[in-house]
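So the protein sequences, as listed, match chains A and B.
Here the first sequence stands for residues 5 to 306, numbered as in this note's numbering.
Here the second sequence stands for residues 121 to 287, numbered as in this note's numbering.
These are calculated hints, taken from the structure and not from any lab test.
A portion of the hints provided could be inaccurate.
Claimed, not checked - Partial list, derived from the structure: chain B residues whose beta carbon lies under 10 Å from chain A:
1) Phe148
2) Leu159
3) Ile182
4) Ser208
5) Thr251
6) Gly257
7) Ser259
Using N, Cα and C, we set each Cβ at its ideal position, and we do this for glycine too.
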Amino acid sequence: MDFANNPSFIRQGPSPGTRLAICVALSVALLVGDSQYGLMEYTRQGMSVLFYPLQRAINFPLVAARHADDFLTTQATLQAQNEILRRQQMVSAAKLQQLETQQREFEALRTLNQLKSVRQDASALAEILYSSRDPFSYKIIIDKGTDSHLEPGQPVVDDHGLIGQITRVQPLTAEVTLITDKTLMVPVMIQRTGLRAILYGYGGGVELRYLPSHADVKPGDLLITSGIDGLYPEGVPVAMVTRVERNPDTTFIRVTSFPTAGVDKGRFVLILNEKTHVPARPADPVVVVPKKSKPSQDDSTE
Amino acid sequence: MSFDRPKELLKPVRRRFIYLSFAVAVLFNLLPMPTDAVLWLPDFIAMLILYWVINQPRRVSIGTAFTLGIIADVACTGMFGQHALAYSITAYLALLRQRQLVMFNLGQQTLAVLALMFANQIIMVFARMATGSAFIGWSYFLPPLTGAILWPLLTKLLLLPYRQHKV
Chain A
5 MDFANNPSFI RQGPSPGTRL AICVALSVAL LVGDSQYGLM EYTRQGMSVL
55 FYPLQRAINF PLVAARHADD FLTTQATLQA QNEILRRQQM VSAAKLQQLE
105 TQQREFEALR TLNQLKSVRQ DASALAEILY SSRDPFSYKI IIDKGTDSHL
155 EPGQPVVDDH GLIGQITRVQ PLTAEVTLIT DKTLMVPVMI QRTGLRAILY
205 GYGGGVELRY LPSHADVKPG DLLITSGIDG LYPEGVPVAM VTRVERNPDT
255 TFIRVTSFPT AGVDKGRFVL ILNEKTHVPA RPADPVVVVP KKSKPSQDDS
305 TE
Chain B
121 MSFDRPKELL KPVRRRFIYL SFAVAVLFNL LPMPTDAVLW LPDFIAMLIL
171 YWVINQPRRV SIGTAFTLGI IADVACTGMF GQHALAYSIT AYLALLRQRQ
221 LVMFNLGQQT LAVLALMFAN QIIMVFARMA TGSAFIGWSY FLPPLTGAIL
271 WPLLTKLLLL PYRQHKV
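Extracted from the complex, chain A is given alone in its bound form:
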């Protein structure tokens, strides 16, 4: 069949079917390897380093425009903002003084009761580079990584509340999985009643699941982190309950809520340290207990 004097358009290598079979086999192998076994982590890291300058270059016009915009802010705007900030500063300073006294009392009480002290410091301020283009996952990429000693698992907040958790750290960037992502769960507490629950992201939003139908929840309730997971500090606002549906046919109530933090807006985020002074993990019991507190580190299935 394959003669040396065949014209070039006859010799076309393997047939399209064969090529398709090879490519499909390769991609399925990649899919399975990536989603089930996480084999592609190193490749991804390497690629991300290669892509970083390119991404920076692409982002440059946008960043430049932003800087130009910052530079050209009018005097009046600056003055107005300054005024607002000064007022806020006064208010928060007063609150802070109160808080400090209370915290000192609290610490004293804790030491009296021989409880471990709790204290978190902000670890780093980072700028959001871009949000992931993958519409299946809710993630953002920030401009700090291993270079700022970030680690997977650190909580990320903005000025209104919890945004998510760092899931992947690359040399110069890090990936933050937002609380709206399907793989992220946050142990929360209803601020008004102290009722504990788990907040599930479902891809684009958050909801409280598995609350019994007699649970005391009202629209307008604030959900804050409960801090019993040894990961998120206590008291960070997470979401606001918007609607509660009680259906007598079902065991659980349906609670709709929306994140308080600007999960899909804003420019800067604050990365907190993981909770310290967490008691050592107890030995694994004989009965397998479903793990709930810490979501998985990769974006694979639960």
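Dock chain B against the given chain A, drawing on the hints supplied.
Frame of chain A, contents of chain B only:
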């Protein structure tokens, strides 16, 4: 060579031009976009693959589609193999009917491209749902529509460098 729709003689397409067009598409994918824009912006890499598979099937075929799919996977930080799988299958489907597609006029071609891009999205949704993601809603099928609307424009644009004759 292919029978192009315009009834005029075209200069032969340079390999460099094909690579350049793909590079521009990949860079476009890396652009930081507001979340709303991502919802309806078409997948330019897929559109270019379809364009070159239909018009230059001997240069751009399943292998190229697969390679570009891997690049797209890295660029969108999704799952490895998702775009690669979709692009290779779509390229194969286009290749099956390439001789017909290339004879179509722009309107007919637009419809065919719409179907192919839908197939592309469906494969991606299936790949992600098989690996555990939730169904993300029907808005995911909006980009093929905008892509199909842009198809005639893209065709005209990519033909531009090849129709200027110095007689």
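Each hint tested on the structure:
{"no.": "1", "hint": "Phe148", "result": "holds, 9 Å"}
{"no.": "2", "hint": "Leu159", "result": "holds, 8 Å"}
{"no.": "3", "hint": "Ile182", "result": "holds, 4 Å"}
{"no.": "4", "hint": "Ser208", "result": "holds, 4 Å"}
{"no.": "5", "hint": "Thr251", "result": "holds, 4 Å"}
{"no.": "6", "hint": "Gly257", "result": "holds, 8 Å"}
{"no.": "7", "hint": "Ser259", "result": "holds, 9 Å"}
No hint from the list above goes unmet by this structure.
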